[in-house]
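Residue-level listing of the chains:
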Amino acid sequence: MYKVPDMLSGATDEALLVLYAQGDGEAARVLTERLAPLAFRLARRMLGDEAEAEDVAQEAMLRLWQAAGSWRAGEAKVSTWLYRVASNLATDRLRRRRGVGLDAAGDPEDERPGVVQELIAADRAAALETALMALPDRQRQAVVLRHLEGLSNPEIAEIMGLGVEAVESLTARGKRALAAALAGRREELGYGDD
Amino acid sequence: MTKTNANEERMLEDIFAAARREAPEPSPALMARILADAEAVQAADTAQRAATIRRNSRRPGLFASAITALGGWGAVGGLAAATLAGVWIGFTGMGALGSTAAGLWGAAESAATVDLIPGEADFAALGIGLEG
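Protein chains in written order, with the working numbering: chain X, 1 to 194; chain L, 1 to 132.
If you are wondering where the hints come from, they were derived from the structure by calculation, not from laboratory data.
Keep in mind that this is a model prediction, so the values were computed, not measured.
Positions of the beta carbon are idealized from the N, C-alpha and C atoms, including for glycine.
Hints may be right or wrong, so weigh each one.
To be verified - Some but not every residue of chain X turned toward chain L, in silico, with C-beta under 8 Å:
id, residue
1, Gly99
2, Thr171
3, Lys175
4, Leu178
Said to hold, decoys possible - Simulated coverage check for chain X against chain L, where a stretch passes if three residues somewhere in it have a Cβ under 8 Å from a Cβ of chain L:
id, region
5, 48 to 57
6, 71 to 82
7, 86 to 94
8, 126 to 134
As the list claims (entries may be wrong) - Distance ranges between label pairs, derived from CB positions:
id, chain 1, residue 1, chain 2, residue 2, range
9, X, Gln22, L, Arg21, 32 to 40 Å
10, X, Ala166, L, Arg20, 22 to 30 Å
11, L, Ala82, X, Gln66, 36 to 44 Å
12, L, Ala29, X, Gly190, 54 to 62 Å
13, X, Met7, L, Ala36, 18 to 26 Å
Whenever a hint applies, use it, and build me the whole structure from the sequences.
Right, here's the structure in full:
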């Protein structure tokens with residue numbers, strides 16, 4: 001049977017969202033394939049928990065579907081909007097876990113003792129995840145968005161509701177803390193010759 | 001606080017690159033749930049739009065209601081013609097009614113033959129005395 005070529009794969013997220021709002025089922029599929037992984041990855045790395053990340057990703061995407069009908073063209077990038085929604089949902093969960101607000105909790109010291117001892121995973125990605133989870137929430141969020149999702153500082157500033165300088169500061173502190181946490185595992189992770 | 005040195009930078013970049021390659025991926029079950037949500041929201045929106053269209057087509061607007069109250073489009077046409085005639089008579093004035101009538105009924109019928117204000121002879125013909 002003749003298969004219609006995938007005409008929508010080259011369309012922008014915003015164009016797809018307009019098509020979705022008009023009832024196009026294919027646009028829903030392409031948007032899901034394109035955007036759901038972003039929401040899931042960010043939530044997974046912020047929360048360190050698969051099931052919670054799935055809930056956050058599904059909820060963030062549901063909010064996107066519901067916002068499609070009233071989406072105002074050119075106001076925000078769809079992916080940036082989704083990162084922000086997923087970030088906020090993940091942050092809410094982190095707050096609930098602790099039972100206190102982030103502001104009240106404040107940022108702990110960057111180089112916390114014991115982080116290296118907590119690194120139990122053998123490979124680099126797992127070691128990074130463990131070290132990331134030991135970071136203060138805002139530092140982790142900034143590092144993930146900058147170095148793992150590859151976003152620009154202005155985009156991260158928009159997502160986190162901060163100035164660009166504050167983002168740079170968070171990212172720099174996060175990287176220092178990660179370097180300190182991973183320092184004790186340099187040889188184990190294959191960096192012993194440096 | 002010191003900045004990350006070159007060795008640390010290199011190690012972190014390497015680890016970040018490994019993490020990007022090993023990025024967590026959503027399960028097929030999650031993707032299916034998200035797509036099901038998309039379709040449910042879409043179906044609800046479509047149903048809502050259809051209901052709105054049905055509601056609007058069932059309920060006539062204010063203008064349509066006014067036309068019906070006046071007796072339909074035929075009656076409205078008659079009303080419009082009468083209104084236009086009134087405006088025309090108003091513009092031309094009573095004094096020029098003769099020429100207006102000539103325009104209406106043709107030049108052959110002079111204004112003199114259209115006697116709009118009955119005279120004594122007319123009343124006499126009807127057997128009505130003007131005095132006494």
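Against the structure, the hints:
1. A cut of 8 Å between beta carbons decides the hint on Gly99 (chain X): the least distance to chain L is about 27 Å, and the hint is violated.
2. Interface restraint check: Thr171 (chain X) against chain L, minimum CB-CB distance 11 Å, threshold 8 Å, status violated.
3. Because the closest C-beta pair between Lys175 (chain X) and chain L is about 5 Å apart, less than 8 Å, the hint holds.
4. Contact between Leu178 (chain X) and chain L, as hinted, is supported at the beta carbon level, the nearest pair being about 6 Å apart and thus within 8 Å.
5. Only residues whose beta carbon comes within less than 8 Å of a beta carbon in chain L count, and the region 48 to 57 of chain X has 4; three or more means the coverage holds.
6. Given as covered by chain L, the region 71 to 82 of chain X fails the check, having 0 residues with a CB less than 8 Å from a CB of that chain where 3 are the minimum.
7. A stretch counts as covered by a chain when three or more of its residues have a beta carbon under 8 Å from one of that chain; for the region 86 to 94 of chain X and chain L the count is 0, and the coverage is violated.
8. Three residues within the 8 Å Cβ limit are the bar, and the region 126 to 134 of chain X against chain L gives 3, so the coverage statement holds.
9. Between Gln22 (chain X) and Arg21 (chain L) the beta carbons are some 37 Å apart, a value that agrees with the proposed interval 32 to 40 Å.
10. At about 24 Å, the beta-carbon gap between Ala166 (chain X) and Arg20 (chain L) stays in the expected band of 22 to 30 Å.
11. The beta-carbon spacing between Ala82 (chain L) and Gln66 (chain X), approximately 55 Å, falls outside the hinted interval of 36 to 44 Å.
12. In this structure the hint that Ala29 (chain L) and Gly190 (chain X) lie 54 to 62 Å apart at CB is violated, the actual value being about 35 Å.
13. Our hint of 18 to 26 Å for Met7 (chain X) and Ala36 (chain L) holds, since their Cβ atoms are close to 23 Å apart.
When the structure is compared with the earlier hints, violations turn up for hints 1, 2, 6, 7, 11, 12 and for no others.
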